[in-house]
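Chemist: Work the whole structure out from these sequences, hints included.
Here is what each chain is made of, one letter per residue.
Protein chains: 2
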Amino acid sequence: MTDLSRRHLLAGAAAVGAASALSPLGALSVRAATPPTTSQAPGFYRYKVGTIEGTSINDGARTFPMPDKFVTNVSKDEALAAADAAYMPKGMVTVPFNPQLINTGNKLVLIDSGNGIANYEPTKGAVGRTLQNLAAAGVDPKNIDIVLMSHLHPDHTNGIRAADGSMAFPNAEIMVPAKDWAFWMSDENAAKAQSDMMKGYFANVKKVYAGIESKVTKYDWGKEVAPGITSVAAPGHTPGHTAFAVSSGGSTVMIQSDISNIPELFLRNPDWHVVFDVDADLAQQTRHKFYDMAAAEKATVVGFHFTFPSIGHIEKDGAKYRLIPSAWNPVL
Amino acid sequence: MTDLSRRHLLAGAAAVGAASALSPLGALSVRAATPPTTSQAPGFYRYKVGTIEGTSINDGARTFPMPDKFVTNVSKDEALAAADAAYMPKGMVTVPFNPQLINTGNKLVLIDSGNGIANYEPTKGAVGRTLQNLAAAGVDPKNIDIVLMSHLHPDHTNGIRAADGSMAFPNAEIMVPAKDWAFWMSDENAAKAQSDMMKGYFANVKKVYAGIESKVTKYDWGKEVAPGITSVAAPGHTPGHTAFAVSSGGSTVMIQSDISNIPELFLRNPDWHVVFDVDADLAQQTRHKFYDMAAAEKATVVGFHFTFPSIGHIEKDGAKYRLIPSAWNPVL
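Note that the protein sequences, when read in sequence, are chains A and B.
Straight run, no breaks: the first sequence in this note's numbering ends on number 477.
Straight run, no breaks: the second sequence in this note's numbering ends on number 477.
These are computed hints drawn from the structure, not numbers from a lab.
It cannot be assumed that every hint is accurate.
A short, non-exhaustive set of chain A residues, derived as facing chain B with CB atoms under 8 Å [stated by the list, open to error]:
hint, residue
1, P181
2, F189
3, E198
4, A206
5, M237
6, P241
7, N288
8, S331
9, F453
10, A472
11, P475
Taking lysine-lysine and the PhoX-like style, the derived pairs with C-alpha atoms no more than 20 Å apart in a straight line are [unchecked claim]:
hint, chain 1, residue 1, chain 2, residue 2
12, A, K443, B, K235
13, B, K351, B, K337
14, A, K193, B, K351
15, A, K324, A, K352
16, B, K465, A, K461
Where a beta carbon is used, it is the ideal one built from N, C-alpha and C, also for glycine.
Modeler: Put into structure tokens, the structure is as follows:
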């Protein structure tokens, strides 16, 4: 009835396509060919939470060969199988990064700041795009009132520095979780660091906050840290790792920060431990607690490491979870 | 251990948020508040197929109360339950629309043209955005070489007319499936139409193509209709309904057109019949055939009615299917 054969679907179509490359269709064309573009659409996306306006800001995505111990408690092959099931490039893993801009009506709050423009690598890493995508969204970095850190890992905190080392958001108050500040600023903890990764993280926090230590505001959990934004304890990934509830007019969006790293691996497999966790067992407990409630409440959840625009709902799927990405809304 | 209680997650957070609305934080703010924006990010997204550049162009999305017979062969309650499971607004169904711009290197081809700017309703329907999003993508409608119709339903074909009735793509060849042209242009078929919907569809085709009938190119299935673009028979939704294989350099992307309407209902439930199908049984056969092959081949599939950017992979899930949306790629 139809000719939807396997040949037509892929192999046949490819063969026809290959033949056309040799055909004179192009040469016969009268109109000049339109050159392909070289740039992707801007990476920002707006959403409403009551009267609050949120904007997901894409800092980019990094695709790299799956490390041997990206997931510390399963084999590399199992991790690769999960990446493959999510259609990631063969042998690779893709990690996206998405700070959130929250306009409370009174304050312009940037939750997390991305990898930093100093790490912008258009061809390699493709990260460090936060300033570029804020500009695309019409936001002057001078107008950011608060940079609110979920925790002090480099992909969240390094974006507070411009390429020349000056403050990227010169008028912003920088707010950090008190427990994370205490942990990462402790020379005693730094001296105990075993892995190069952990040593690097301690050194990075010292470097990024050098000279501005006294100006940083430390916040606790369960507080309204900015109008409509409440800090929610979510420890494990780091000691002070924090999620946020953004609430207005009876609506709430949960900013999960790094309660899971990429959902394709760690929301599908909530008992897997990402190499970056400081206390992976506690992170696992936090993860189950958060997702069980998010699923029961049908909460809208924003994930720093979800694919852009990084917004969705959580479904229980037996002992696992599934992320249902939200529909793109073309209007506000 | 954590204070991720139900109270904190939603109810508590909302209460804190409500309290803050009464607080003087705004009044005490020194910096002028940044006004919220009123516009969403532009709706275009680029992807590569070998040397071919594709751009998903969002024509908008329409959210409306679930009609009694949106799905003709199950109850309205079942249809609503599926919409609800996909987090659509209570009692409503959301249908997005996404034409595809294909730059073959030689030709700029627009596959389907959207609802038409005459139907642009920013506050109500939010459709008819194709010209606006083409402009955002840097495309002058005068440079479109071919408008390639998958079939002749209004949401695919009405966009060839500008607001004043003139041709929106004045230099474009308009290509239509020969079988759809024969079906919809037949006065005999039109006279047999029973429902207001079908009567309207026949009248609409006559109206949209009035005066340009002789200039339209009719194409058959299994042909290379433009460089690298092969027409694939996919009848049922309409008699001439066509999918497309876009192929270059060993890569292929399948443009499924309306092999399913919204995946939340008709890909999850491939035996459900959408009210718009001309031959729903044949559409159902086509759907299974297409998705079985797409799943087996791990094909990249673009759907006119998938949520923007409307690209994903198809997974088998027992007798159903599941769409896995592709990760947003911040680079080209």
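Chemist: Checking each numbered hint in turn, tell me which of them this model violates, lowest number first.
Modeler: 5, 8 and 14
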